[in-house]
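Single-letter residue listing:
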Amino acid sequence: MARSNTYNADGLIENPSGVIESIIRDEILTERDLKIDSVVSDVIEFATLSPLNSAVNDFYNGAYLVNVTKSERYEVTDYVGLTKKLTLSSIPTGWAAGNFCYLKNVQANIDTDSFDVVGAGIVDSGTTTSTSAGKLVDSIQNFSTTVKVGMIVKNTTDTTYSYVKTVDSNTQLTLETDIIISGETYQIYGKRYSWKLARSLTSQQDSRSILEQVCFESHCILVKSYNKYKLVDLGDGNTVGTFTTPMKEGGKPLVTASLTPLSQIFTDYSLNYGYDYAKKIYTKKAFVNKNATSDSYLNTLKTNCSYAEVNYKVKNKWEYNSDWIQDDTTALYFLEQIVNWFYQQRIVVNWMGSPKTHLQYEHGDRVLINYDFMIPTGKNNTASFMIIGKSLDISKKKVRFTLI
Amino acid sequence: MLTMNMTPEEDRELVLIVRINLDTEYMYFSDTVDQITLSGTAFDGKIISKDSISEATKDVDVTSGGTMGQVGNWKLSLARYTTYTGPITTFNDFFNDFAPATSKPLLTSKTVDVGVVWGGAVDLAEITWLYQFYIETYDWTTSQLNLGCIEYDELVATQLPYYVIQDEIDNGISYFTNAPEESYGQTIPIIYGEFYTENLEYSDYLVSPTIRTHKTDNNFIMSSHICFLVDSTYLFKYLDGAKTLMRLNGATYSATNARRGYIISLSTNGSVIYGDLFLQFGASINGGLFTGITDECMDKDSTTYSVVTAGTRIGLKLISTLNDSDLGMIPFTWDKVVFRPRFRSVSGTVTGNMQWYNPYINNNDVNKLSETAVGNFAAFSITTTETLEAFGFGIDFASQRWSIEDLQNIYCCLTNMDGNLRLINAHLEITDIEVYDQTAITLGMAWESFDRRYLDAAVPQTTARSIMANYGAEISRKNFNKINSAMYAKVKGYMYDNWID
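Quick mapping for you: the protein sequence lines, in order, are chains A and B.
With my numbering applied, the first sequence closes on residue 417, and no number is skipped along the way.
With my numbering applied, the second sequence closes on residue 543, and no number is skipped along the way.
Isolated chain A (complex conformation) (with noise of 0.2 Å):
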């Protein structure tokens, strides 16, 4: 069944996690240019005509068989390698030897709720039942079911905001911070909902490229956590843990701290969009400076703009042409995100721990860091780390982090 959060049936690719959740899953996992030998009921032969390249057993369950010629689709339910025999969901009709065909979504592993936790629309919305700090009670609701960790919570009696800590229960969610009481409206959906892009692939490229562009168009990153690709968000967000100690060599803890560069701070933005494919030109601009904005939704970055130029002393201009995004709406947020990525220094902190207490951490995780022998006050234990480098060093028993 098609999945229920992110992604309708049927519904356009144009949110920034399904259109990398379908290159991934359509483009790349893919095996193509196959021909049947034969058809047997529900069983599929590749074994001669365009022999399949595994002959691992199951290696191709849950993957979905195309016929080309037929226009028909079904799911891989069984593989047997010595054979290169495929069993197929249900009986094709009309299936027959020389049909073309190709495989997708082979061995796709993908961290469905990561990103759902990005793309997904409003999952639920309602009003709350009960008061309970730092929790989203509503006695009707099946959370369980529809709400993931990460998830944006915003109150709208109050227009505030929070995010899904944890899950506890069909009717009850934990939240970053406390901001709903009994009886006031709420939403919950994803960090990029409402995001829509498009773009017409015309030439070849390589697929890293391409993902690496809607990531940068989205601000999300793409990390492979074993064989999973997992999608997040850049900015804020809710946090998984808690950094406290360091391991230590010679009696001092193995902690840096450091500043991103001045060469990365922006004061003047301009964003071009909208790209003509015929006249083969970006047809839209938004931009915010200190001192103006090409829409009021971006009045509120003016100042910091401001801010940058005057602390930071620079003047740095950032102009992107953009090929992903054709929206009005989400050409503003991106810039939004943007100016608030760059207008002011980040800490970098290069952590190292012991496996026991920090294996389990990755990339794309934020953490608190609450250590204020090194991290400055006003940040220790409330900013949000996002962690985006781990190193592993078995022999020395060592994790190695980079967090900014």
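Since the hints were derived computationally from the structure, they do not count as laboratory data.
Among these hints, one or two may not hold up.
[Said to hold, decoys possible] Keeping only pairs whose Cα atoms sit at most 25 Å apart, straight-line, the calculated SDA-like set for lysine to any residue is: (1) Lys292/A / Ser307/B; (2) Lys369/A / Asp212/B; (3) Lys152/B / Asp171/A; (4) Lys261/A / Asp93/B; (5) Lys83/A / Asn241/B; (6) Lys410/A / Asn241/B; (7) Lys293/A / Asp341/A; (8) Lys342/B / Tyr333/A; (9) Lys292/A / Thr74/B; (10) Lys292/A / Glu55/B; (11) Lys369/A / Glu52/B; (12) Lys410/A / Met48/B; (13) Lys409/A / Tyr176/B; (14) Lys411/A / Asp246/B; (15) Lys146/B / Asp103/B; (16) Lys241/A / Ile169/B; (17) Lys293/A / Arg384/B; (18) Lys292/A / Leu56/B; (19) Lys146/B / Tyr333/A; (20) Lys409/A / Asn188/B; (21) Lys409/A / Asp101/B; (22) Lys83/A / Val93/A; (23) Lys285/B / Asp289/A; (24) Lys48/A / Asn291/B; (25) Lys241/A / Thr105/B; (26) Lys285/B / Asp209/B; (27) Lys117/B / Glu52/B; (28) Lys292/A / Lys117/B; (29) Lys83/A / Asp212/B; (30) Lys293/A / Asp246/B; (31) Lys293/A / Val75/B; (32) Lys241/A / Val388/B; (33) Lys83/A / Arg382/B; (34) Lys98/A / Asp209/B; (35) Lys261/A / Glu55/B; (36) Lys409/A / Thr239/B; (37) Lys117/B / Pro368/A; (38) Lys315/A / Thr105/B; (39) Lys409/A / Thr74/B.
Mind docking chain B on chain A? Use the hints.
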């Protein structure tokens, strides 16, 4: 955050687990002093050279914003040893256990899974898998086999879009034997999101490129996970001379949505394909009686405008460099070639007159009010309510079809009699241009249109008749323009039905 499959107890050591997938079987190793056994599977502890295990490192450089994680890498050495009892029966002569030794399995590109357990583990389910690498290369010394691994990355070798137009291998998807030469080697575009914006008034389009797949038939192709047909009747052709798209439609179009792509044919039996063109005015007359207008009335919004005060006039002219071979045959009838200004009065009702001038006829000087216009559209009366009016050109004064060159020479003028007028924008609209003729176009059809024009009292007749004889060369049947360039289409990129999970 990873879900650890085993909780470490006090004083339990971290144990490295390595699994090499030889496609048909696995080799298992650990970094313990001796082997450990998990769910009956032995993980050899003597083969891995402990000092050879490199750090497994991966970073995501977010200093410039969103991106992808780098591809991690790892190094590991396996010792020359005699007691290993896994699929490769001995590591004593490992250079003979793998290719290039005759009939031995290739080690390069094999998958290497790396995980951990804590001391005391007994079950395979207690392994927490951390990395998946594949063996990029290996070398050997007299004492050990050195594996160079990089993170398994499906993205490296995958080029997208995958399919290009070709006539070499029939794969049922991109195999076209009669495509024009320029199409071969071109990718079949994949679209994501919506491409169906068509704002004719402002010549603002968001449509997706397609590739021609047949030399003579008007067939074009594009793809998505599913392409959804938004508007089955139109394709769009780009006109460089006007920096805009002409909308094309055929009386016998056909279109197909399928998982293999989206195919549209504008003409299935050789009938006429028509074009609709909306040209923005780009030049104006200034000085004398003419109010100099500004770009505000030529931009793509209705919030800015030019003001024309009482007793003055404005004159607009196309600045395109189109020629008739770019278009086709412009129709005869007055309602097919139309001057469309969007305007309103500043206050009350403003009356005025619409005229057009051709500087090359009768030495008309458009800068003098006394000069006679070569054509009148109509008088108008307009209020503060914003309207998009239509003033038809009809057939030209030489009883011929208009040519685009003629139209580019003409000034369209609004004379303001009283009050103040705001001109918000204006464009010339030409519809039903006969773009691609196979068999069906005849001049006789056009003459019927001519007659109708003269029966229509809304269009002034006299002036046009009087100057017919003075007009230039006869405009006859044009050189019809074949659709020989990339087309653009209105489509949406949809999910497959139930394509996930």
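Structure-inconsistent hints, enumerated in ascending order: 2, 3, 5, 6, 9, 10, 14, 15, 17, 18, 19, 24, 26, 27, 28, 31, 32, 33, 34 and 36
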